[in-house]
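Novice: Chain by chain, the residues:
Protein chains: 2
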Amino acid sequence: MPVGTVGAVKTMSPHELKEVGSQIILGNTYHLYLRPGLETLKLFNGLHKFMNWDKPILTDSGGFQVFSLGKLKKLTEEGVQFQSHLNGDTIFLTPELSAQIQQTIGSDIAMLFDECVALPNTEKNLREAVHRSLRWGQRFFEVPRHPYQKIFGIIQGGTSVPLRLESLEGTLKLPLDGLAVGGLSVGEPHAEMIHVLSEIAAYLPQNLPHYLMGVGTPRDILEAVNCGIDMFDCVLPTRNARNGGFFTHDGLLNIRNSSHTHDQNPIDATCLCECCKNYSRAYLRHLFLTKEILGLRLATLHNLYYYHRFMSEIRNALDNGTFPSFYEMMKPRLTVAYPDRTERSSAEVFKED
Amino acid sequence: MPVGTVGAVKTMSPHELKEVGSQIILGNTYHLYLRPGLETLKLFNGLHKFMNWDKPILTDSGGFQVFSLGKLKKLTEEGVQFQSHLNGDTIFLTPELSAQIQQTIGSDIAMLFDECVALPNTEKNLREAVHRSLRWGQRFFEVPRHPYQKIFGIIQGGTSVPLRLESLEGTLKLPLDGLAVGGLSVGEPHAEMIHVLSEIAAYLPQNLPHYLMGVGTPRDILEAVNCGIDMFDCVLPTRNARNGGFFTHDGLLNIRNSSHTHDQNPIDATCLCECCKNYSRAYLRHLFLTKEILGLRLATLHNLYYYHRFMSEIRNALDNGTFPSFYEMMKPRLTVAYPDRTERSSAEVFKED
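In order, the protein sequences belong to chains A and B.
The numbering of the first sequence is the working numbering, which starts it at 98 and goes up by one.
The numbering of the second sequence is the working numbering, which starts it at 98 and goes up by one.
For reference, chain A alone in the conformation it holds in the complex:
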């Protein structure tokens, strides 16, 4: 799912999103609550009509942004008091308010409001967050909702497998339509993330879609699918695009590199996106050096196309029963292409797309 933070996937039009293969996008409850706000969203009967997107929208609960972007003032059983990152307004977000905002947005999939903690963290903090999230989940379900809206629960517990399983057990008591794994890829090493996933994979119910939130690189995705994950959202393709980073199976190509100055080749000769079909690396580099918006657009378009094509290949392999060989073929290449960046801090992860 491309991330459409505030009612637009950065640089892209809805029409272009469909053309690159987007089937569903993510909207951020926290950002949409601040801007355009509930009054405007109500007037338009939700985000779909406001932004002219007629395919599914998933909304996060707002929790992640509250704990990362806002200035946290108070965390109680009732909810979270924090200051808006835009104007300092005090906001009190509760499970009930999160549910109501997601109703007003009219998302097709809403996420339970949970407590997010950064990693690494203490066992005590992780346990408290798991238990509070379970209590908040029950309150979330008490809010009336559109019958079409699906609700996904979120498994927390950090890198503690016992806590993850406890969170899973509690979460599954709710009448859920899908199951998400939250609080990963927030600072821990790649290997630790995959370890946690592989440990809980066997316990994830087969009848629900499995969604790994905020992940990740092509390598992360390959490994996570291997653990049984079905869905992802991530700002990496769109955010890297705006920094001149083009995704390929051989790693992130930095178009600003002077080696591309006279390169008449496309980013990827095998890619069928509008960027690779029509533009050379030399021209793309020129657009970035001259700060032309078209450069940001073409990079975003290519990266989303790359991710969607990659997911499509994975789906085909799963459908054909060839995923194990696909996995073995891709793993060495993507491991080299996307080396572990353990130095990536939570602060970096927590940036707005």
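Don't take every hint at face value.
Pairs count within a copy or across copies, as identical chains cannot be separated in the list.
Computed list of lysine-lysine pairs in PhoX-like fashion (alpha-carbon distance at most 20 Å, straight line) [as the list claims (entries may be wrong)]:
#, residue 1, residue 2
1, K139, K152
2, K374, K152
3, K428, K168
4, K146, K221
Treat the hints as calculated values from the structure; they're not laboratory data.
Using the hints provided, position chain B relative to the given structure of chain A.
Specialist: Same frame as chain A, now just chain B:
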């Protein structure tokens, strides 16, 4: 002609340009000489292939930017020495070099290299510029060129009608394919610009296209066509777009205005552009307030569509012999919509798009 300063019409793809009705775009010789530079342009056999645009390109001579953007160091009979506005490099631009750069760009229409002066200015400076431009024009023609490239001359002379006619007489001695009026809309009042145009209109040869450089508002264009002008280029539609200004027959609509907060109407209900067909003022305002690039794109798209539609209406009226009544109908509306802004300084005009 939309302005594609440095090999891209800001925010737009070539495909979108065609969809909004662009038949020809303008490239800036000065900017393209600095970036991507002649080596890259040669490698791609010119700008068309580099930027993936297969319709005509007109290039200015570089003179306007040299006199406005660069730090002018020395003006001699040979040419102009100036410092690059990007890195301070000393550059010596001559009529011959301008012709060679425009050859390398491979523009379909090249402009003679002339001396541009800001208005108001002294009669002496204006006369010297006219005479030097004529001598430079002769040297320009001595450079070998692609047979397909058309050459337009430029009439200078500021707001002095006698000087304009002298410039015209001299310019017409060259074997030109078109005739441009330069050095207007650079600080003088609207009425003065139209006065100059109307005085020289009768002397413009009917067999050549007449091009008014760097103009202007819809009102300017209506009046200039009434004086016999056929072609225009201007950054107004694209630059205003990026500031949230949407062109309409009733003036420039500022989408940031809070009156649009809950407005579900499009910018213009009679407009058939993708922006007006699909998006509300409320959403467009939201995009600008949240600094979403999609907002800049939709505004640019609308403004170019508006300008092209307006020119198309003018062409139809001319073809049908109904231009006089079209002019009388539109004049009062556009005069109110686009009041004279005599306070607009040359410095403001001289900004890069």
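Novice: Does each hint fit the structure? Answer for all of them.
Specialist: Structure-based check of all given hints:
1. Within a single copy, K139 and K152 get their C-alpha atoms as close as 19 Å, which meets the 20 Å cut-off; across copies the closest is 45 Å, which misses it.
2. When the C-alpha separation of K374 and K152 is checked against a cutoff of 20 Å, the pair qualifies only between copies, where the shortest distance is 18 Å, while the shortest distance within a copy is 26 Å.
3. In the homo-oligomer, the alpha carbons of K428 and K168 never lie at most 20 Å apart, since the shortest distance is 40 Å inside one protomer and 55 Å across protomers.
4. In this assembly of identical chains, K146 and K221 lie within 20 Å of each other by CA distance neither inside one copy nor across copies; the values are 44 Å within and 62 Å between.
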